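Student: Order-wise, the sequence lines are chains D and F.
First residue of the first sequence? That's 1 in the numbering used here, and the numbers climb one at a time after it.
First residue of the second sequence? That's 1 in the numbering used here, and the numbers climb one at a time after it.
None of these hints come from the bench; they were simulated from the model.
These figures come from a predicted structure and were not determined experimentally.
A few of these clues could be false.
As the list claims (entries may be wrong) - For each label pair, taking beta carbons as the anchor points, the in silico distance ranges come out as:
hint, chain 1, residue 1, chain 2, residue 2, range
1, F, F27, D, I20, 25 to 31 Å
2, F, V40, D, Y109, 46 to 52 Å
3, D, L85, F, Q98, 33 to 39 Å
Said to hold, decoys possible - Which residues of chain D face chain F? A partial, calculated answer using Cβ under 7 Å:
hint, residue
4, P18
5, V22
6, A24
All residues carry an ideal CB built from backbone N, CA and C; glycine is no exception.
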Amino acid sequence: MGNVTWRIARTRGGAHLPLIIVAALAVALILIGKAQSSLFDTARTHVMDWMKPALVTARAPMVEFTRWVGSIGEIFVVYQENLKLKEENARLLQWRNTATSLNERLKRYKLLLNAVPDPALSTRVARVIGRASHPFLQTLILDAGKTNGVKPGQAVVDSSGMIGRIFLTGERTSWVILLTDLNSRIPVTIEPGNAQAIMAGDNSPTPAIETLSRGTQLNAGDQVVSSGDGDILPAGLPIGVILVDGSSYRVGLFADQTATQDVEILDFKLPPEHPPAPSPNDLPVTAAGLPPAAPPPQQPAAASPTVKPSVSPPVRSTVKPQVPKTQGATPAAPSGGPDNDVPDVGNE
Amino acid sequence: MERAGNIMGGRFLASTIPVLCGVIGVFAANLPFSFLGSWVPSPLYALMPVYFWCLVRPDLMSPAWAFLIGVLHDILSGGPPGVWAASFVATYAVIDRQRDAFAGLSGWGALLGFATAALIACATDYFIFDIYHWRVLPLTPYVKEFAVTVLFYAPVALLLGAIHRHLVGPLRSDF
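Assemble the whole structure, with the sequences as input and the hints as a guide.
Tutor: Here is the structure:
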């Protein structure tokens, strides 16, 4: 194809040494990359941050063009589509009423059971400015990065369901590993039945269901949501429905990764656990119905010469109750007992 | 003196054009949008200038440049570093050894020659990926990538030929 009309260089032999060197460099690069991938991730994010303005500029006409091309085909099916949407809208309105009443009931039940509240979720909208489609790599590049509070591990969803999760963040851009990517593994729950499994991407449009409990039978159309195991992703994110593929199961994703332009990044914040401050009523003696003891009488320090900290038995700080010093809530220990005079140093 | 400067400047420009085409190929392969849809991989645009100038002007497309173009492809594609670099170097090595055979092809034969090069690149990448992940990966994505790369070579080769004739070619008498 056009390579016969020119005089061909005859430098064979001269290039052999550089070939060996660069081949060795390539192998070394693979090994270093396997051991220290963060080095290349940093380079990657810097390049993407630097390219962000160009990507954003190039995105707008391409989006318009794609929309225009898509709209040509839609003209011919707009009437049928309209009828279908009206029907679907009516059905969804019924479902919305059901969902609202069920949601209220769920809230009441949670209140009655004093259930642990769901972790807080904040969202951040980002635009897709890059889309890599290579044999074993399916990623998106978003126009939000560390400066916008994006962190690796956060879930990325569109209006239909989950798309993937952040795996690399630059200052102003971030990379999303799609659910269909070969490296994607997500713990999921399949409802009804609450079956737990791992959804694994294999670069096909429908990720596979793996590590399902033996004997678990799934049906086509069962709902797949994130399970929240490992506290990495929030539980209950809609992902897709089960497709039966012979003896295995696959997931038909709700989100259309090929057309998504705007996404939401979910910041999943587990509430920090603060142990409740102990009150006198929490102490075993009070809880058992016994009256709280009076504070021990003030004794001069010299009155108990027999007790020395150095000879006291070791006391585990974890079993010693934290008694507020202002209140004498616990029954007094026998005078001169070791517990009274052991210095409270174990907590430090 | 001025003429000598112009010649030096032109020579430098001509020598950078093949590499520049490789870099543009990397960016084109990693564009955020695809006319082919997300389920068809992007063609290996970066391999085309590497193959073309490795045959026509290997002094302008040295193994080091092929390696660096591969590294850039690795960085921009988001894949493990060094995989495409190694694939490009392996392809370069085969083309370099069989240059006479490849260079003598024309028409459909030239397309077949590039298909061989693309097959080597895709196969190398596939095997490295297999070893990298320590599992046998599905072949279908690579078959798609190979097919789409070969399909796109014909128009790109015409463009590269025009670039070579008008920009790089005039300096070929120097070598």
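Student: Does each hint hold? Answer for all of them.
Tutor: Each hint tested on the structure:
1. F:F27 <-> D:I20: 25 to 31 Å: holds, 29 Å
2. F:V40 <-> D:Y109: 46 to 52 Å: Holds - the Cβ-Cβ distance for F:V40 and D:Y109, about 49 Å, lies within 46 to 52 Å.
3. D:L85 <-> F:Q98: 33 to 39 Å: This hint is violated: roughly 59 Å between Cβ atoms.
4. P18: holds, 5 Å
5. V22: holds, 4 Å
6. A24: Violated, because the Cβ-Cβ distance from D:A24 to chain F comes to roughly 10 Å (cut-off 7 Å).
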